[in-house]
Amino acid sequence: MDGGCRSSTPGWTSDGKRALDHSRPPAQAVEHRGHLGVAGGTALYVAAVLGTGILVLPALAAAAAGPGAILAVAALALISIPLAATFAALARRHPDAGGVATFARRAFGPTSARIVSYWFFFGTPIGAPIAALMTARYVVAVIGGDAAQTIVIAIALMVVPVAVTAFGVRFAASVQLVLSGALIAVLVFVLAAAAPHARAENLQSPLPHGWSGVGLAMSLYIWAFAGWEAVAGIGGEFRNPRRDIPRATALALVIVSVAYLAIQTVTVAVLGGRASTSAVPLLDLVSVATGSGGGIVVAVIAAIVVTGVFNAYLAAFSKLGAAMGRDGDLPAWFGRGAENGAVARRGLLLSAVVMALYSVVVLAGGDLQPYILVHTSIAAAVYGLGVASAIVLLPTRSPGWWMAVLSVVFAAGLLVLAGWHLVFPAGIALIATLVGVLGRWRSRRKSPTRASAD
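Residue numbers (the working numbering): -3 to 450.
If you're looking for bench data, these hints aren't it; they were derived computationally from the structure. Misleading hints may appear alongside valid ones.
Okay, the calculated beta carbon distance ranges per label pair [unchecked claim]:
1. Arg238 with Arg441: 40 to 46 Å
2. Lys442 with Gly105: 17 to 23 Å
3. Ala144 with Leu353: 47 to 53 Å
4. Ala143 with Leu353: 17 to 23 Å
5. Gly141 with Val412: 37 to 43 Å
In this text, all values refer to a predicted model and were calculated from it rather than measured experimentally. Note that the Cβ used here is the ideal one computed from N, Cα and C, for glycine as well.
Based on the sequences and whatever the hints tell you, model everything.
Written as structure tokens, this is what we have:
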């Protein structure tokens, strides 16, 4: 019944998939009813990228490269420019709730779109309990508590953003604007208070572990600079995607790059050798600047960071889930809310269930490293297919196209680093392909029925 209705409805193909109108320019293909402006978009971008990495990466990078970690952050900030520019160029030309899946559909067809949708929607949410548990442990280290309290805090850090996102992307962006502003303000306070305690001798011997140490620090910071693909799915929520998405991306890139560079520089310059052994580098900076009583500031930073990350990702997950229902990659019931400006509560509900299932496994396991590697491999696969789509979709030899070429090289490096862990995205891709085969088989079985009814 549903397939028959769609087959006779303009904008849908005979196999029940949403048709893409390539006869109109991308800017005119969809009537945008979004409410997101540059400020709200920038806040969500900052939240997606300036994540939990600020809590632990400065110490890990310092252990790997010493003062050379500063060079690693600067280099990775430069490398992030083409990646951020590529997804901004795609989102402004094709603003749709499907995000990277929409790009893959236009470039390579429905099977590729389904694969990248499943990667993002059913794979990357494993990062949610990882981020929540990392942050909860940080908070407990500051304010005290046991393992049970750590789990309770981690669960709360995931539940609150789900409730916020249920009110829509516009409301989530407004909340995120406040959170991002508070985060930047607190970070500025911490860094300004700690900077006067910097010592020049801590910056001597800039490459104690050679260039290989800088390379290792860069690989660690890849986790920190990832996230540009996550907000591609809310491109249609902007009032003027073609104008505002590049602006929001550029502002977020500057804010994130300056923040990470400042944090790494102050950490090395103030803590010196202690930076490489610190489990809570921000807490140590606060202690240097304000004494032991400043720990609550670090706890506030940790809570703001993880809440902001979830706000950004859940907004993208909910819209993607609705787009998958709209396009036939999930049951049609989930398709409500895919329209620009609508609230995708059913997609949010499914994404919350996926997060909950992963949380049971991660919170029970305790050791985060294996799950982090799984998340990284899936994220690398999403990036790879996303930037490959840009090569096909963006005008050849345009600035965005050249950014995509550089991004392909960068994504290839991520895939190499993932190594054997690519078996996980490969498994998800196989499931997505089988779902498509099953759907086509069911469609063919229904075809005679529709034909006789006609």
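Query raised in the report: Per the hint of 17 to 23 Å, is the separation of the Cβ atoms of Lys442 and Gly105 within bounds?
Result: Because 22 Å falls inside the window, the suggested range holds.
**Report entry** Assessment of proposed distance window 37 to 43 Å (beta carbons of Gly141, Val412)
**Finding:** holds (40 Å)
Query raised in the report: When you take the CB atoms of Ala143 and Leu353, is the distance between them in 17 to 23 Å?
Result: About 21 Å separates the Cβ atoms of Ala143 and Leu353, which means 17 to 23 Å holds.
Query - Distance restraint evaluation - Ala144, Leu353, Cβ atoms, bounds 47 to 53 Å - result: Distance hint for Ala144, Leu353 is violated at roughly 21 Å.
Query raised in the report: Per the hint of 40 to 46 Å, is the separation of the Cβ atoms of Arg238 and Arg441 within bounds?
Result: At 43 Å between Cβs, range holds.
Of the hints listed earlier, the one the structure fails to meet is number 3.
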